[in-house]
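**Q** All chains should be built: construct the whole structure from the sequences, respecting the hints.
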Amino acid sequence: MYMKSKFLKRLERLIAYFKRHKKYLYWGVLVTVLTNVIGMVSPWIVKMAIDDLRQNAATYSQLRTYATLIVILAIGAGFFRFLMRRTIIWGSRIFEYEIRNEFFLHLLGLPKSFYQETATGDIIARGSNDVEATRLLAGPAVMQIINSAISISVALTLMFVLSWKLTLIALTGFPLLSILTNRLGTKIHQKSYQIQQHFSTMTSYVQENVSGVKVVKAYNQEEDQIKNFAGLNKTYIDLNLSLARIRGLFMPSIYGIVGIIILLLLYFGGKQVINGSITLGTLVAFIFYLMSIMWPMLAVGWVVALYQRGTASLERIEKIMRRKSEVADTDVDPNARPQLGEIEIRDLSFRYPNDDQEVLKDVNLRIPSGKTVAIVGPTGCGKSTLVELILKAYKVPDGKILIDDIDINRIPMANLRRAVGYVPQETFLFSRTLKENIAFGEEKIIEEEIEKAAGIAGIRQEISEFPRGFETRLGERGVTLSGGQKQRTALARAIIANPPILILDDAFSAVDTNTEELILRELKNVLETRTSILISHRISTVKNADMICVMEEGRIEACGTHEELIEKSGLYAHIVELQSLEEELEALR
Amino acid sequence: MSDHQYFEDDALGKAYDSQLMKRLLQYVKPYKKWIVLALAILIISTLLRLAGPVIIKLAIDEYIAVGDADGLGRLALLYAGILLVQFFATWGQIYLMEWIGQKAMYDLRMKVFRHVQGLTMDFYDRNPVGRIITRVTSDINSLNELFSSGVVNIIGDLFTIFGIVGVMFVINSKLAAITLIALPLLIVATILFRIKVRHAYREIRRLIAKLNAFVQEHVSGISVVQNFVQERRIFNRFNDINRELMGRHHKSIIYYAVFFPTVEIISAISLGIIIWYGGGQVIQGAMTFGTLVAFSQYMEMFYRPIRDLSEKYNILQSAMASSERVFKLLDTKPAFKTPAKPVITDGLKGEIKFKDVWFAYNKDEWVLKDINLHIRTGEKVAFVGATGSGKTSMTNLILRFYDYQKGSITLDGKELKDFDGETIRKNISLVLQDVFLFSGTIEDNIRLGNGDISREQVKKAAEDVNLLRLGNGLKRGLDTNVGERGGMLSVGQRQLVSFARALAYNPRILILDEATSSVDTETEVIIQKATETLMKGRTSIIIAHRLSTIKQVDKIVVVHKGRICEIGSHDELLAKKGIYYNLYQLQYKDQELPAAV
Chain H
1 MYMKSKFLKR
11 LERLIAYFKR
21 HKKYLYWGVL
31 VTVLTNVIGM
41 VSPWIVKMAI
51 DDLRQNAATY
61 SQLRTYATLI
71 VILAIGAGFF
81 RFLMRRTIIW
91 GSRIFEYEIR
101 NEFFLHLLGL
111 PKSFYQETAT
121 GDIIARGSND
131 VEATRLLAGP
141 AVMQIINSAI
151 SISVALTLMF
161 VLSWKLTLIA
171 LTGFPLLSIL
181 TNRLGTKIHQ
191 KSYQIQQHFS
201 TMTSYVQENV
211 SGVKVVKAYN
221 QEEDQIKNFA
231 GLNKTYIDLN
241 LSLARIRGLF
251 MPSIYGIVGI
261 IILLLLYFGG
271 KQVINGSITL
281 GTLVAFIFYL
291 MSIMWPMLAV
301 GWVVALYQRG
311 TASLERIEKI
321 MRRKSEVADT
331 DVDPNARPQL
341 GEIEIRDLSF
351 RYPNDDQEVL
361 KDVNLRIPSG
371 KTVAIVGPTG
381 CGKSTLVELI
391 LKAYKVPDGK
401 ILIDDIDINR
411 IPMANLRRAV
421 GYVPQETFLF
431 SRTLKENIAF
441 GEEKIIEEEI
451 EKAAGIAGIR
461 QEISEFPRGF
471 ETRLGERGVT
481 LSGGQKQRTA
491 LARAIIANPP
501 ILILDDAFSA
511 VDTNTEELIL
521 RELKNVLETR
531 TSILISHRIS
541 TVKNADMICV
551 MEEGRIEACG
561 THEELIEKSG
571 LYAHIVELQS
581 LEEELEALR
Chain A
1 MSDHQYFEDD
11 ALGKAYDSQL
21 MKRLLQYVKP
31 YKKWIVLALA
41 ILIISTLLRL
51 AGPVIIKLAI
61 DEYIAVGDAD
71 GLGRLALLYA
81 GILLVQFFAT
91 WGQIYLMEWI
101 GQKAMYDLRM
111 KVFRHVQGLT
121 MDFYDRNPVG
131 RIITRVTSDI
141 NSLNELFSSG
151 VVNIIGDLFT
161 IFGIVGVMFV
171 INSKLAAITL
181 IALPLLIVAT
191 ILFRIKVRHA
201 YREIRRLIAK
211 LNAFVQEHVS
221 GISVVQNFVQ
231 ERRIFNRFND
241 INRELMGRHH
251 KSIIYYAVFF
261 PTVEIISAIS
271 LGIIIWYGGG
281 QVIQGAMTFG
291 TLVAFSQYME
301 MFYRPIRDLS
311 EKYNILQSAM
321 ASSERVFKLL
331 DTKPAFKTPA
341 KPVITDGLKG
351 EIKFKDVWFA
361 YNKDEWVLKD
371 INLHIRTGEK
381 VAFVGATGSG
391 KTSMTNLILR
401 FYDYQKGSIT
411 LDGKELKDFD
421 GETIRKNISL
431 VLQDVFLFSG
441 TIEDNIRLGN
451 GDISREQVKK
461 AAEDVNLLRL
471 GNGLKRGLDT
481 NVGERGGMLS
491 VGQRQLVSFA
501 RALAYNPRIL
511 ILDEATSSVD
521 TETEVIIQKA
531 TETLMKGRTS
541 IIIAHRLSTI
551 KQVDKIVVVH
561 KGRICEIGSH
571 DELLAKKGIY
581 YNLYQLQYKD
591 QELPAAV
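Same order as they appear, the protein sequences are chains H and A. Residues 1 to 589 (my numbering) are what the first sequence spells out, left to right. Residues 1 to 597 (my numbering) are what the second sequence spells out, left to right.
Hints are computed from structural coordinates only; laboratory data are not their basis. A couple of the hints might just be wrong.
Stated by the list, open to error - Computed footprint of chain A on chain H; a stretch qualifies when at least three of its residues, placed anywhere within it, have a C-beta under 8 Å from a C-beta of chain A:
| id | region |
| --- | --- |
| 1 | 61 to 68 |
| 2 | 73 to 80 |
| 3 | 119 to 129 |
| 4 | 212 to 226 |
| 5 | 262 to 273 |
This one's a predicted model, so the numbers in the text were calculated from it and none came from an experiment. Even glycine gets a Cβ: it sits at the ideal position worked out from N, Cα and C.
**A** So this is what it looks like as structure tokens:
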């Protein structure tokens, strides 16, 4: 019982699909039955023709009738065979489409932590290879197994009717066939696994060689690397050849066994024909039937392989589908929608999941609506974590962060995100036009607004100098923007959304100081009308904020205005000093 | 911005390109004799397989029809013999072909790997690691498929087809001719199908590549999608591509669904003709039963290979695309070559001179401008400057990783361009900021592949840098496994392994790019001492990040925006209050604090 439920559980998604699209399955089974039943009639007609000829009872018109019947039957079987693909395989593509959609939709809802622990390549592999393997299970495997089951049972029945003795003779060979395919199959599987393993070893070796190219070259290791690689390469082909030795046995063995069965039939059947207990037509038809079930028999092994691969792939997909977002909307008030943008952080301590070091310690901060707060501090002091938590990138304990006096855990994710415009240091732009990138979050593309936002972000001038202006495509076949241009585009993208809270996390790091000053001047109006948090390494960026907070090792060390902090905070004064040195250096030619 | 380069690999070209094929055949040429043998066996095994229906014909006509049971027994024995030979012939042929394919693949893979080893650094800058790996590994695998399944199967199928036609004509040419009336129909159907499917297949590949690129891009930019609450809209876009892909698949299903039954109907027409016309011949006594039965069996054997040809077409297509990429890599030339008659030397002294040197990684974007510098034998020099100022580029030129465009660099008075890169590097040990360790033991990593370095020397080097004194993780001493990328070692241990490596090679020149990572005081002291040991008695160029190091060197070279601005000792330069003074305050001054406490 347990086994059975586990089996069903594993195939849950597949079964659900078949339930949704019953018609493809029902029709599919029906036409497969019809195809095979009709297909099995032809040998019988051949038998009748031969027997008639043998008894000298055949006439030309009879022969014509037989021939016509064979063609008509083939057309009928062909029509149903067409429908077989049109239903089952057709449906499997729908299954593929649906499962891929479900998978991608699920991906869109997964949190940051998932993307940190999963490689992009792995996600893509599951969305493509694994989905394809599952489809092969849902379509071709299902079609083939029904096909095999029906054609084998129909053919065997007819063979029994023709001659049970000969059938028994023929059947003696079949266990041999299945034992052999099974044995060889297992061995092939093991060898293939070894080859796969070795292939990854070889891949890792090349990976190391290429990644460490500087060391390889500096220490003249090329020849040695080639020598080692030759060893791996040699093992690889040796393994492949030992697989070839076994796999090479596969087809000859099958031909051999089938040949032996035919041989036996010919000998014993021939004797029976001679002594008159069966007709020649029977023998011929019998051989026809035998040959017609050879492929369906072999296909069973293929289906088993598809089943193993398909279920393994399905499991890999399910593993991601089972992953839930720890920041999903569970206990939220759907109407909670921050509008003023007052932020309050109370005694917030935080550590990343699976890490025992606290990155934030007892942080308390209140940002009144409409004010601008800047955060400075050395790399790794917790600045970015703090603002990411305002966006609930990770699970935040209840009552620690409030916006407009609402606990952020009560605010639906979408509303929270719409309320907070966030520009991180690492800019990501899509390979679309600049216009589409800036209007990424907008319902409608309104030219004036795009230009206005670009103007505030200080990128309008440069964009208009591109030959295609805002229609310029980015990425692969388009232009490559400089780091600073990217950052300003991302800024424009956030500005156009006009959120009550704006967070700029080191968003000008790749912009030179002069440009930054211009942007800040333009941004002034934007910042004044909303709550803003500025994170920066540059004192020039934060100098004019309403309040500056200095963070160190997860704590807020001091808060105040620029002038106050120079007096109050040693760390702040030190940063100011280093900064002016850097500026001096930069100014030198 | 997203990187679509991964997916260029999905693009597909022609299924057959004579130019490419010619090049590919070069790699099987050494095995010409074996190929001839394999083809001979292939012919034999095909012919033997074709013997089956003839045997049945003989059995019916000669023995069963006349009631000769003994003869039937003899024929059965003959058939058994044929089966046995056929078994070994087929096996041998499959194995032999695989053997040739694997050998050729081995050769080609070695050639590609060797070629990659010989390429200059700019190649590695331009190509992501993943792409190079794919060329060396999987792309070559699909070539193997081409040899062992594609080409041979196609040849085998062609043999079968022509063999059947031949045998049928021998048995009864008139019936054969009439039976094959349907053949043109089949050829037309196959050609039409191939054209349709090729187009559909290409479209499908294009859409799959597009879909993968879409997922790749939006997974990379997931935070933007989520922060702007665009999940719905992005999903709709995905859905559009996905739906289009399904549509294409459905279209191609129709092609297959029509093609396969068509082949069967044509085959049935042939069978009908055999019964009708052949049966008529039997009535007239112009033909035997056995012939009738044999013909109908040949028909069964005739159509399968034709059906299979369409699938092999795909193998051919992707193998061609792979080989095109591999050959493109093989055609990549190193940016500069070793001179025909390189300088021969049995040991360098280690004097380096830069004279009016200009250098750019990309044309006209000068990274080094008008560099003049003289480093005397045995001198210790520190390169100091902000990130991106050009320090590493200078060391890259000395190591001959890149070629300089203007000016001259000399080593012991001889132009660097006249040397073989290997000769230069034999005399230089490089220690990188990001230590790169290969998987293996500590000893492997110190010696690398150099068999001339004895275990004693490895041990001595490790002792000289106090490697084994650091921490207690190295329970197995030099035999400790460092793990992938040295992950089992601490930052300090990794540093020291690379120091010991440099020391064991006992070079004339040392280039050391100091690590910026902060380590605990004990490690710091050990590294400091090891640095001293390393520099002792050799020309040393240090890209310095440690105050202790710059205080030890003979002269400091200040690099700023690609130019050398100041040269002098620590005290001289500080007194000058120029760039060095600034840099010192920025980069090194903080390091004085722990010493003062």
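**Q** A separate judgement is required for each hint: does it hold in the structure or not?
**A** Here is how each hint holds up against the structure:
1. 61 to 68: holds (count 5)
2. 73 to 80: Coverage by chain A holds here, the residue count being 6 at a Cβ distance below 8 Å.
3. 119 to 129: holds (count 5)
4. 212 to 226: As far as the region 212 to 226 of chain H goes, the hint holds, because 15 residues have Cβ atoms under 8 Å from chain A.
5. 262 to 273: n = 7 at 8 Å, threshold three: holds.
Every hint, counting from the list given before, is met by this structure.
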